[in-house]
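Q: The numbers in our numbering rise by one with no breaks, and the one at position 59 of the sequence shown is 59.
Some clues are possibly wrong.
Derived CB-CB ranges, DEER-like [to be verified]:
| id | residue 1 | residue 2 | range |
| --- | --- | --- | --- |
| 1 | Leu61 | Pro41 | 43 to 49 angstroms |
| 2 | Val25 | Asp46 | 21 to 27 angstroms |
| 3 | Tyr63 | Ala5 | 57 to 63 angstroms |
| 4 | Arg22 | Tyr57 | 35 to 41 angstroms |
| 5 | Tyr57 | Leu16 | 37 to 43 angstroms |
| 6 | Thr68 | Arg22 | 57 to 63 angstroms |
| 7 | Arg21 | Glu59 | 56 to 62 angstroms |
| 8 | Leu1 | Gly23 | 22 to 28 angstroms |
| 9 | Leu1 | Thr45 | 36 to 42 angstroms |
| 10 | Glu65 | Val20 | 43 to 49 angstroms |
Just so you know, the hints here were simulated from the structure itself, not pulled from any lab data.
A virtual CB, placed ideally from N, CA and C, is assigned to each residue, including glycine.
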Amino acid sequence: LKLAAKKSETLVNESLRFLVRRGDVIDYKIVEAMVESGLRPPAVTDVHVEQVDLSIYDELLEYQEVITA
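Whole structure, please, built from the sequences with the hints as guidance.
A: Following this line, the structure appears as structure tokens:
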């Protein structure tokens with residue numbers, strides 16, 4: 001928190017996020033070096049969306065049920 005307050009909360013957050021995503025050890029000295037260098041970790045751009053089988057929704061429309069109270 002001290003490093004974030006003293007230097008840059010954004011850079012500390014991005015550095016921590018980068019280390020966590022890589023599975024690296026979280027160490028103050030490593031985070032401090034990353035922040036001091038001023039280099040930003042790569043942006044999160046790798047997004048994977050699974051293919052959706054839309055025929056499932058068509059099956060729902062096949063059944064017409066009337067509920068009366």
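Q: If a hint holds in the structure, say so; if it does not, say that too.
A: Against the structure, the hints come out as follows:
Checking the proposed 43 to 49 angstroms range against Leu61 and Pro41 shows it holds: the Cβ atoms sit about 46 angstroms from each other. As the Cβ distance of Val25 to Asp46 is approximately 22 angstroms, the hint placing it in 21 to 27 angstroms holds. Take Tyr63 and Ala5: their Cβ atoms lie about 59 angstroms apart, and the range 57 to 63 angstroms holds. For Arg22 and Tyr57, the Cβ-Cβ distance of about 38 angstroms falls inside the hinted range of 35 to 41 angstroms, so the restraint holds.
Evaluation of the 37 to 43 angstroms hint for Tyr57 and Leu16 yields a pass: the beta carbon distance comes to about 40 angstroms. Against the hinted window of 57 to 63 angstroms, the Cβ-Cβ separation of Thr68 and Arg22 comes to about 58 angstroms, which satisfies the hint. Distance hint check: the CB atoms of Arg21 and Glu59 are about 38 angstroms apart, inconsistent with the given range 56 to 62 angstroms. At roughly 23 angstroms, the beta carbons of Leu1 and Gly23 sit within the given window of 22 to 28 angstroms.
Between Leu1 and Thr45 the beta carbons are some 28 angstroms apart, a value that contradicts the proposed interval 36 to 42 angstroms. Judged by the Cβ atoms, the range 43 to 49 angstroms given for Glu65 and Val20 holds: they are separated by roughly 48 angstroms.
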